[in-house]
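S.K.: Assemble chains B, C, D, E and F with the ligands onto chain A, guided by the hints.
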Amino acid sequence: MSILSQALWITALGMGLVFAALILLAGLMSLMTRMFRERVPSPVSTDSTHPSPDRERGEKARAAAIAVAVALAEQEQVTARPITPPQPIIVGAWQLGMRTRQMTQKGEMKRRG
Amino acid sequence: MSILSQALWITALGMGLVFAALILLAGLMSLMTRMFRERVPSPVSTDSTHPSPDRERGEKARAAAIAVAVALAEQEQVTARPITPPQPIIVGAWQLGMRTRQMTQKGEMKRRG
Amino acid sequence: MSILSQALWITALGMGLVFAALILLAGLMSLMTRMFRERVPSPVSTDSTHPSPDRERGEKARAAAIAVAVALAEQEQVTARPITPPQPIIVGAWQLGMRTRQMTQKGEMKRRG
Amino acid sequence: MNLPEWLSTIFGGPTFTWAHALMLLIGGALIYLAVAKEYEPVLLLPIGFGCILANLGMSAYAEESFMRVIYKAGIETELFPLLVFIGVGAMIDFRPLLAQPSLALLGAAGQFGIFGTLLLAAALGFPLNEAASIGVIGAIDGPTAIFVTTKLAPHLLGPIAVAAYSYMSLVPIIQPPIMRLLTTRRERQIRMDYAPRPVSRVTAVAFPIVVTVIISLIAPSAAPLIAALMLGNLLREAGVVDRLSKAAQNEIINIATLFLGLAIGATMTADKFLYDPASGIQWQTLMVLGLGLLAFVVDTITGLLFGKFMALVTGGKVNPLIGACGISAFPMAGRLSAKMALEEDPDNFILMHAMGANTAGQLGSVIAGGVLLAVVAGMM
Amino acid sequence: MNLPEWLSTIFGGPTFTWAHALMLLIGGALIYLAVAKEYEPVLLLPIGFGCILANLGMSAYAEESFMRVIYKAGIETELFPLLVFIGVGAMIDFRPLLAQPSLALLGAAGQFGIFGTLLLAAALGFPLNEAASIGVIGAIDGPTAIFVTTKLAPHLLGPIAVAAYSYMSLVPIIQPPIMRLLTTRRERQIRMDYAPRPVSRVTAVAFPIVVTVIISLIAPSAAPLIAALMLGNLLREAGVVDRLSKAAQNEIINIATLFLGLAIGATMTADKFLYDPASGIQWQTLMVLGLGLLAFVVDTITGLLFGKFMALVTGGKVNPLIGACGISAFPMAGRLSAKMALEEDPDNFILMHAMGANTAGQLGSVIAGGVLLAVVAGMM
Amino acid sequence: MNLPEWLSTIFGGPTFTWAHALMLLIGGALIYLAVAKEYEPVLLLPIGFGCILANLGMSAYAEESFMRVIYKAGIETELFPLLVFIGVGAMIDFRPLLAQPSLALLGAAGQFGIFGTLLLAAALGFPLNEAASIGVIGAIDGPTAIFVTTKLAPHLLGPIAVAAYSYMSLVPIIQPPIMRLLTTRRERQIRMDYAPRPVSRVTAVAFPIVVTVIISLIAPSAAPLIAALMLGNLLREAGVVDRLSKAAQNEIINIATLFLGLAIGATMTADKFLYDPASGIQWQTLMVLGLGLLAFVVDTITGLLFGKFMALVTGGKVNPLIGACGISAFPMAGRLSAKMALEEDPDNFILMHAMGANTAGQLGSVIAGGVLLAVVAGMM
Ligand code: NA
Ligand code: NA
Ligand code: NA
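Protein chains in written order, with my numbering: chain A, 1 to 113; chain B, 1 to 113; chain C, 1 to 113; chain D, 1 to 380; chain E, 1 to 380; chain F, 1 to 380.
Among the hints, a few may not be true.
As the list claims (entries may be wrong) - With a cut-off of at most 20 Å between alpha-carbon atoms, the simulated SDA-like pairs for lysine to any residue come out as follows:
{"no.": "1", "chain 1": "E", "residue 1": "K72", "chain 2": "F", "residue 2": "L293"}
{"no.": "2", "chain 1": "D", "residue 1": "K151", "chain 2": "F", "residue 2": "K37"}
{"no.": "3", "chain 1": "D", "residue 1": "K72", "chain 2": "F", "residue 2": "E63"}
{"no.": "4", "chain 1": "D", "residue 1": "K37", "chain 2": "E", "residue 2": "R201"}
{"no.": "5", "chain 1": "E", "residue 1": "K151", "chain 2": "E", "residue 2": "L79"}
{"no.": "6", "chain 1": "F", "residue 1": "K317", "chain 2": "C", "residue 2": "A26"}
{"no.": "7", "chain 1": "E", "residue 1": "K72", "chain 2": "D", "residue 2": "A73"}
{"no.": "8", "chain 1": "D", "residue 1": "K339", "chain 2": "D", "residue 2": "I173"}
{"no.": "9", "chain 1": "F", "residue 1": "K37", "chain 2": "F", "residue 2": "L293"}
Claimed, not checked - Reference listing, derived: stretches of chain C covered by chain F, where coverage requires no fewer than 3 residues with Cβ under 8 Å from a Cβ of chain F:
{"no.": "10", "stretch": "6 to 14"}
{"no.": "11", "stretch": "21 to 28"}
Think of the hints as simulated: they come from the structure by calculation, not from any bench. Since we're looking at a predicted model, the values are computed, not measured. For glycine and all other residues, C-beta sits at the position ideal for the given N, C-alpha and C.
This is chain A alone, in the form it adopts within the complex (with noise of 0.2 Å):
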């Protein structure tokens, strides 16, 4: 084999592997999240893409905080230090709920440990 048909079929074989571990892993995680749901009822439903008015007004006061973190993130790119990811603005309005109770348990941790 030429070393270039070589590397035709690295590219083929090497794409192809990366898109079926990717598809393999995209099918885990819906499957996992599905299984492994919050006991607690999260007040956000997952399956209603159409907003209630109830909803629409969490979307948006998400929305702005989102806002709020997209400025916050523009700033820090001035400084761009990607090995340290502000996370805490990155997972900004949507989760606050979900890991409150994990965070207050850290929390505990930090002030006693």
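M.R.: Here is chains B, C, D, E and F with the ligands on its own, set in the frame of chain A:
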């Protein structure tokens, strides 16, 4: 020698040595605490086990402090993390006085360091 | 060569090289401070050694600041810990102005990081 | 190279059998215990993850595995358990023990499980080195167990470390029934005089040095362990090397703990832990776990019995509950004893005595580990 | 020994040629980019300084050089990139991806640059191992590039690491024109529904374990990288090992980053990078840098095209801009996409989708790196 | 194996003689100096403890000793002193020196003690390598002394490191009488103009790079030391790698210091330090300590004389006291000079000048160490 009689010898000699070592250490500890006394006269006299009225009051205060310590220790047990024993709590009331000098010193360092 | 004459040669060449290296460094330092000036005109002019009245007032303020620094340095000496030189104190009054920009920058990082 | 060969090179990876799959579940179970039950999470989580890696081709025995690099750097050299001990030493306060030296005896009594289990394991047919390694689970002290096992029977590191750390977490579950069974309500209500000797700074600083010298002379095999523990304690008590003391309690112990756990987990390959195609199912793993539990129980029993003996000898001045802290498992065992005394009588505060006995147990465990190494190595 | 001999021993040091002088300038330029332009300073500054040392007799190849000690300890063993990944994993939040799993596909599309560049490099006459190492710059992920290059073509470590990290910093400069060119204004204005599935703690904890197992089975060569990344993420999400998570995000990553950078820089000797007296000018360095840039551009293009394809398939529910985050370059690429959407329409918030695609790109890069290692090693 | 044999195996440990006992006392004395007198506690405490371990069977020379593992990892590779220097560099501010470059000369004058002592030691019959190692105590800089001694005469590491660090702590005791003896009250009252050149950020960043290049070319043997020191300083002054700068000033230096001290202490075995059964009492230890003290005194004297010379040349614009800071012993010597000037005249503030001379002394010590290595190695 059969393996079992070997094991018996190991047990006898082993436990003997462990006891011997700890008895020796107990003696040395006793000697050391006698030899190296704090120069500042300790407010808590060491030989009286029959508390004077004054002494008793201190005793109760200390007991109360320890009660708090135990309560806290119990709480901690929920997330038992033996690698970070909350020493300050264990040390409790009793050594508080004794170690004040040392801790002040350490505190200063922290502020400076 | 006897060991002693070897040692004499080592001493001569050694001290010569040490002096040569440090003289060279002194020259380079002199060159660098001249070449790379802060673009913002420094309030302290560098060539006048005869203080103007205004200058003198600043000088006194600085002297006072240094006095404080020395006093603090002395205190520190009690628990001399050369591995953590209290640089912020040594830097003292004089560089305070120059480094403000840089420190502000650092401060921001700390708040974010 | 032709295509079929190429494809077989790529996809013909390491074999993955049902045994490997089961080991992944075991690794997952350890992580579950760590995360959901908070059983010693700083160790069981890395061990669990290391176990998963070990069975995906990244074991401590695989050539060119990065886990092997870590294993060789920190387990074979024995540095990791020693580094952990430097940190532990910097976190222990020996003053409760120094103030009540007689409690040291309880730290000896709580080690009988080590030797009792060795006896039983030898009777069950384990060779001496394995029997001793199983017995050392009875030290109820992770670094000691790992240090001794690395020298005597490194192939058992996985189950022994898992047992040592799991049982340490199970103190509040395993010990109370034994304590209630072996002590009367009256004994548990014994109040202890609270008249400790004052401990000067000189004593606190001299103590770790003296212990290092004495124990190194009596039991040279325990020397590295005791030296590491006491170095940490010296850094703490010196009061002038705050930087080093903090480094020991944070950077050093955290990094060493993470990689210690990973490397231990990386020894838990399917063939060593579960099923060896050559020799069949590894029943010894289950036996190690079972015998280890026994060692724990025996430790607690002999500790309590010695506590009762001290109560008898002193004419009822010692609460036998503190005998159960002599096993080590610092500091959970100490807290548990104090709590049980409080449950019987809400005014009965024996926490200081319990912590004294518990630190004595920590010393006793290290000494017993060293003694065990010496006597067994001498016998082999 | 007589005097003239002695003096010649002392002053007849390593030769210092114009090529070495030029390398000092290159090292200085890297430090300049780090300090003045803040291009990935935590890596380019140590690389630049290491480059200077390499050309003053302290290279990774010099006997008795302390840089060689560091190189052997952390690059040859591959520990440094893995340690960095443990820290990176502890800093990444995969929830945006878990909540929108279909974004994972974008993380695959953004890796085409790797293979496209490999093809071109092979066509230009590079041997397969070098071509693959050059292609892996297209992972736009430093530790992956270093890990793969260490195994395939360690002599190219310098230029490849420099390219990987420089281009990562250039995301805000290189990507926007391509994004504007390949997408219509209308496409950039597409708003995305914001209805993520809730992600439970169980999912967040199970995710890193599942990914480690799956990827290690599919692409064993990627196993160490993915294991390190996922170990860090597990420490983060477990919520019970705060000490270890912080150690990963601080001590471990800081120390590993510093020495990784130094050791990489220490491979940039004049003869490897610039001019080899035996073989003349090292044009390959320039070609590596050029081809690496191309890999970046191709990644961005294929990512965007796949984004457009997803927009088409979903009937306009996906904003193609998030295709550009599939390249990795975490987290700059994600932020940039969100920003560009905002610029077209100040009410268009796609940050969560962009970060999901960006973390998918991080996974995709590691997987692609592992796949590349496997298929190329199998071919050679 | 029969019982008597077994018992003799267990109890027939390493011999413990009066010399070992005396070494334990010496180790204890070092710890006493560290704890009670606070003489460089972060180093003398670990050295003292290491010395105790060395004489309990855990020396750097004992097979299977964990101290040997540490010694080989950090001393033989020379990494520990270099890591300490990275941290020291990150803590030094060279601005006072940059603002007054002429002070650099004082940093050269303060190194004469090194060579003067080498001469005397050679005259006393020490071979060149030992004489040079003894002389380097006159660098009054721990890492430099350890680095040079490791290369020239590693068997003298113990006494030389102890001397280097003890004398560093004794600056406030040893220097004042010499300073009073050699300077007149009038000289000590000289006020120094306070007109430093402004130091821009560019200069502060370029300085460590320029110094690394220049010194590495002039004295390649000093290159690793100067490179480590300047790397730390670059991390500090860059202002964009705060994480790395903090890691250097904390994790890296703390861990390296602890293990450096332990490993140095672990070389202090009775036979090397006190009494070798083969060759008798090791008088050389006392001579090393004595000659080291002399080196210190000579450094101070030549520094002061050069200060007086500069006072003469400048027509009384230089206070000769700052000559005493050229010895290094950073930052105590600088503080002491400023304090002595204040004692003579409470309005005489020369702290900035003293710190400039002191940092020059730090540079001079490293350079002198490198030059010494080169010239002595060339001669041998
Ligand atoms: Na025990
Ligand atoms: Na990529
Ligand atoms: Na000096």
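S.K.: Give a verdict on every hint.
M.R.: Verification of the supplied hints:
no.: 1; hint: K72(E) <-> L293(F); verdict: violated (39 Å)
no.: 2; hint: K151(D) <-> K37(F); verdict: violated (41 Å)
no.: 3; hint: K72(D) <-> E63(F); verdict: holds (17 Å)
no.: 4; hint: K37(D) <-> R201(E); verdict: holds (14 Å)
no.: 5; hint: K151(E) <-> L79(E); verdict: holds (13 Å)
no.: 6; hint: K317(F) <-> A26(C); verdict: holds (18 Å)
no.: 7; hint: K72(E) <-> A73(D); verdict: holds (13 Å)
no.: 8; hint: K339(D) <-> I173(D); verdict: holds (13 Å)
no.: 9; hint: K37(F) <-> L293(F); verdict: holds (19 Å)
no.: 10; hint: 6 to 14; verdict: holds (count 8)
no.: 11; hint: 21 to 28; verdict: holds (count 8)
Hint violations for this structure: numbers 1 and 2, all remaining hints satisfied.
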